[in-house]
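Q: Given these sequences and hints, build the entire structure.
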Amino acid sequence: AQKITQTQPGMFVQEKEAVTLDCTYDTSDPSYGLFWYKQPSSGEMIFLIYQGSYDQQNATEGRYSLNFQKARKSANLVISASQLGDSAMYFCAPTPSNNNDMRFGAGTRLTVKP
Amino acid sequence: GAVVSQHPSRVICKSGTSVKIECRSLDFQATTMFWYRQFPKQSLMLMATSNEGSKATYEQGVEKDKFLINHASLTLSTLTVTSAHPEDSSFYICSASILQGRAGTQYFGPGTRLLVL
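Protein chains in written order, with the working numbering: chain V, 2 to 115; chain E, -18 to 98.
It cannot be assumed that every hint is accurate.
Residues from chain E shown here face chain V by an in silico Cβ test under 8 Å; the list is partial [unchecked claim]:
1) Pro(-11)
2) Leu27
3) Ile74
4) Gln87
Partial selection, computed: residues in chain V whose CB lies under 7 Å from chain E [stated by the list, open to error]:
5) Phe13
6) Gly44
7) Glu45
8) Met46
9) Met103
10) Gly108
Keep in mind that the hints were calculated from the coordinates and are not lab data. The structure presented is a predicted model; accordingly, all values stated were derived computationally and were not measured. Every residue gets a Cβ at the ideal spot worked out from N, C-alpha and C, and that includes glycine.
A: Rendered as structure tokens:
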């Protein structure tokens, strides 16, 4: 089974600053997608950003961007200009392109301080 | 956008009873639905994958006879926790994927919090 590592159980960031959440994986699938989800205390899973393994450029979605390093099997999420509403759990999920089998890392709890 | 609903959102039941959780894709047909379980302060763990009209594929360690999954149509999957016990108390989340669009994309329901007394 694929191993997904999120090394930061908890992170703190000052409001308006940028923060990077780490994610590494060890997939052997030749084609896969990298998903990041946000889970606030309500429990819903909110899709943030997607990176295809063959995409040449790093994905960006508003304040979210991915620092994708394919050779290192790393897909770190960068949140710029943090807001108080960004406080939540964040999960990365490398997913094979051929079977939609989505597994999640252990997650990082981000707390944005005013 | 693709919307997935779950019902009920919360349920409290006595030990030994069975609980059914519904997962519906409201505005699209889902080729595959997934069921996850999440204990407090932990990640989502995949329980099973189900395709319409066929038996669900369960992850290792998940009891098929305890967690019954029925994927009756392309828009509805149900998870029944049979003879629930306090250790089954958890947050259960379903998701649905479609053939079209970006491979791997899943749309998540809002989750169901189950408390077994």
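Q: Give a verdict on every hint.
A: Consistency of the hints with the structure:
no. : hint     : verdict
1   : Pro(-11) : violated, 13 Å
2   : Leu27    : holds, 6 Å
3   : Ile74    : holds, 7 Å
4   : Gln87    : holds, 6 Å
5   : Phe13    : violated, 17 Å
6   : Gly44    : holds, 4 Å
7   : Glu45    : holds, 5 Å
8   : Met46    : holds, 4 Å
9   : Met103   : holds, 6 Å
10  : Gly108   : holds, 5 Å
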